[in-house]
Amino acid sequence: MIYKMTRRAALAGVASIAMIAAGATSALAEGWKPQKPIEMVIMAGQGGGADRIARLFQSIIQKENLASMPVLPVNKGGGSGAEALRYLKDSEGDAHKIMATLNSYYTTPLRTDIGVDIEEFTPIARMAIDTFVLWVNADSDVQTLDDFVAAVKASGGEWKMGGTGTGQEDSLVTAMLEKEFGIKVTYVPFGGGGDVAKNVVGGHVDSSVNNPSEAMGFYKAGKMRPIMALTPERIAVFPDTPTARELGHDIVYSMQRSFVGPKDMPAEAVAYYTEMFRMVSETEEWKTYTADNSLNADFLTGDALQAYFLEEREKHAAILAAMGSDGSS
Amino acid sequence: MDTLALLADGFATSLSPLNLMIVILGVTAGLFIGAMPGLGSVNGVAIVLPLTFIVPPSSAIILLCAIYYGAMYGGAISSILLGIPGASTAVATTFDGRPMAQQGKAGLALIAAAVASFVGGTISVLLFTLFAVPLADLALAFGPAEEFALVLLAFTTFVGLGGDDKLKTVIMICLGLVLSTVGLDLISGQPRLIFGDLPGFYAGISFLVLAIGVYGIGEILYTIETSRTAPQVTPAKITLRDLGDGVRTMNKMWRTMSLGSFLGFFVGMLPAAGATPAALMAYGIARSTSKNPKSFGKGNIEGVAAPETANNAASTGSLLPMLTLGIPGSPTTALLLGGMVMWGLMPGPMLFIEQPDFVWGLISSLYTANFAAVAINIALIPLFVWALRMPFTVLCALVIVLCIVGGFAPSQKMHDVWLIAGFGVAGYLLRKADYPLAPLVLALVLGPLMEKSFRQTLISEQGNILAFVERPLSGTFIAIAVLFFVLPLVKYLRKGGARSIAPAE
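Sequences listed follow chains A and B, in order. Just so we're aligned, residue 1 is where the first sequence starts under the working numbering, counting upward by one. Just so we're aligned, residue 330 is where the second sequence starts under the working numbering, counting upward by one.
Hints listed in this document are in silico derivations from the structure and should not be mistaken for laboratory results. Check before you lean on any hint, since a few could be wrong.
[Said to hold, decoys possible] Partial selection, computed: residues in chain A whose CB lies under 7 Å from chain B:
1) Arg55
2) Leu56
3) Ala82
4) Thr112
5) Thr166
6) Val201
7) Gly217
8) Ala221
9) Asn296
[Said to hold, decoys possible] Dumping the calculated DSSO-like pairs for lysine-lysine here, alpha-carbon to alpha-carbon at most 27 Å:
10) A:Lys63 to A:Lys97
11) A:Lys97 to B:Lys742
12) B:Lys742 to A:Lys33
13) A:Lys89 to B:Lys497
On a predicted model such as this, the values are computed, not experimentally measured, just so you know. Even glycine gets a Cβ: it sits at the ideal position worked out from N, Cα and C.
Throw the hints in and build the complete structure from the sequences for me.
Here it is as structure tokens:
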């Protein structure tokens with residue numbers, strides 16, 4: 001046993017020496033540095049858009065040596081991200097925890113009584129704005145928006161729209177579609193966007209409003225069909241898919257992909273992470289990814305980011321109020 | 330033929346000196362990471378991820394898979410020797426592995442675990458090689474209704490044909506299900522059963538905390554009581570002959586091991602499940618199909634073989650949806666997915682067509698990783714067994730320390746340590762009252778999955794409960810589940826009833 005422990009300690013020792021050595025060459029060698037691995041909390045389940053992006057960041061940070069300690073992504077997607085929000089709230093002052101957010105950052109605290117006020121959290125950086133597309137299974141007869149509306153109406157309310165947790169972005173977009181077209185669907189919540197896409201392809205739900213990155217693999221394999229983009233302009237990777245505006249319906253919705261820290265995160269740590277993400281945003285890998293997945297890489301930090309969060313929270317409060325308090329329609 | 334040619338190309342990649350070295354290194358590191366309570370393959374892979382950027386992508390993923398595989402083997406070691414699951418996937422291995430160690434058969438149990446892991450790994454890699462692409466379609470056929478039916482089936486294998494008192498088993502399952510609802514509601518996000526506003530309960534109760542409590546601490550308390558005069562941990566020795574005997578014993582268990590392999594691969598393949606449920610289900614099925622179910626939980630070697638084949642098979646199985654659908658089946662495969670995105674590989678239906686070198690290099694390395702893991706593991710068994718020769722008074726303190734560290738490490742909250750202490754005492758009392766503990770752990774693992782899939786099905790079918798039986802796949806599972814439940818009743822009626830009403834003792 002003792003021998004075993006020693007071996008393990010030796011292994012751990014070698015690993016940490018390797019990390020420290022790697023960190024020393026980093027451009028961030030001066031000033032505050034993380035003392036232990038950085039926990040990257042993800043507000044969503046595995047395989048969804050938020051998860052993929054967070055894991056991509058982890059890989060970029062480690063490949064380019066942008067942090068002196070390893071980054072450990074942790075999924076806490078339960079209850080539309082409530083699990084992650086509450087976790088961050090309970091980590092007050094912690095300099096080694098950052099959270100990857102999506103729009104449920106606004107909606108979940110508004111809809112539940114988990115005692116979280118996002119104004120207390122520390123904004124770090126907004127990396128990108130993600131887009132939404134209406135999808136159906138490629139074997140479906142639905143080719144256009146008109147087909148979609150007709151099919152939903154014909155189903156008498158039994159058309160199944162898959163999406164992330166109730167009250168999260170997907171359900172908001174669904175509610176907007178219902179209102180705009182005077183239709184009624186059955187909204188089926190899943191743990192993450194990857195799960196949703198799989199259930200569209202498997203035929204367990206009829207449609208979804210996945211982000212492009214979540215459906216891209218299936219789209220390329222010819223298993224999912226984009227019907228309409230909920231963006232101001234056509235999405236470059238889907239040049240033949242019309243936007244809602246082109247079709248005469250003013251529905252535009254987007255999702256921020258940002259990072260925040262817990263309340264009272266030390267200022268030096270905030271500066272460290274802000275700089276780290278600024279460097280990430282300038283890497284080739286990130287530029288390629290944003291282009292391939294039609295993400296708008298709009299970098300924003302500090303007070304401007306906090307102002308953006310609060311403004312978006314107001315907007316979402318209004319959307320939720322229009323939908324009914326629990327967020328389901 | 331086409332597959333074989335591609336695989337041969339793959340072997341050209343995985344048998345290169347660099348990759349062979351990487352496999353051996355990865356498997357050894359994984360073995361120790363897995364054996365350490367609180368450190369699982371997730372941590373191992375996460376920590377090593379940065380090192381992988383200095384080698385080509387195919388070598389990098391081989392390293393990560395080797396660690397993943399090694400950790401699956403390693404998890405069994407502390408489950409057997411100390412009764413603390415080394416990794417979440419090895420929970421079921423404690424059920425019979427620990428009693429075997431107490432009877433002085435630790436060496437045999439470790440050999441059984443290694444051989445079973447090897448068989449499970451090999452059968453599942455073969456399945457992967459031959460059927461990866463068509464099987465991906467099967468994973469797609471699994472919607473919420475099917476998931477629910479499968480979980481229900483897992484529960485009935487524990488109740489129906491098990492050796493324990495049925496009423497007590499049902500009580501323990503219900504208790505586990507109640508514990509599984511603690512935390513935030515999966516669908517609405519509302520907090521449930523948080524005991525006022527205790528922050529620690531928001532994250533729910535981790536089943537690893539429960540397992541470490543009831544098996545680690547509870548077991549130690551029980552042993553202290555029963556062995557006040559003579560420490561009963563028999564110092565185990567192991568010789569080459571024992572090794573041969575062990576392998577021969579395993580040779581008789583093909584039925585259990587192949588069942589475990591297929592089940593493990595299949596359950597691992599479903600994005601929502603993973604290796605832990607797979608191991609627990611394999612244990613339940615091995616017990617319910619055994620001629621002697623009462624010997625399970627008391628040191629039956631099949632109780633070690635079944636979960637160990639299944640968890641290794643499942644770890645291969647969970648690579649399948651990750652590679653073919655881009656949906657990771659376990660936390661570790663999610664990390665692998667991140668690495669692949671970074672290397673510019675897009676996991677999904679096109680990967681097999683666009684990147685055959687990468688895919689087949691990976692598959693062939695699973696074969697080499699498996700061979701390396703079983704060889705290294707068996708070579709180290711004497712060392713592990715030697716650890717048990719220390720006096721019980723020392724071992725006992727060491728186990729308690731490891732329980733606390735193992736419980737604290739994943740979440741780094743004292744909350745979990747207190748829970749472990751509480752569950753330890755509860756586990757001790759339940760054991761004295763002869764309540765089975767395995768169903769409790771099973772219910773906590775599968776409860777959230779069961780609840781979520783049940784609610785999703787009812788939502789999507791407008792509350793039509795018949796949906797579960799109307800769909801062919803889920804209908805079949807439910808029919809088998811009902812059969813498992815009814816069969817003992819029939820047996821009981823045939824026997825004439827009255828006699829078996831007496832208490833189980």
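Against the structure, the hints:
1. Arg55: Since chain B brings a Cβ to about 3 Å from Arg55 of chain A, closer than 7 Å, the hint holds.
2. Leu56: Holds, about 5 Å.
3. Ala82: Hint holds; Ala82 of chain A Cβ to chain B Cβ min 4 Å, cut 7 Å.
4. Thr112: Since chain B brings a Cβ to about 5 Å from Thr112 of chain A, closer than 7 Å, the hint holds.
5. Thr166: holds (6 Å)
6. Val201: It holds, given that the least Cβ distance between Val201 of chain A and chain B is near 6 Å, below 7 Å.
7. Gly217: holds (2 Å)
8. Ala221: holds (3 Å)
9. Asn296: violated (19 Å)
10. A:Lys63 to A:Lys97: Judged against 27 Å, a Cα distance of about 20 Å means the pair holds.
11. A:Lys97 to B:Lys742: The hint holds at about 14 Å.
12. B:Lys742 to A:Lys33: Distance of about 23 Å is within 27 Å: holds.
13. A:Lys89 to B:Lys497: violated (40 Å)
Hint compliance for this structure: hints 9 and 13 are not met, and every other hint is.
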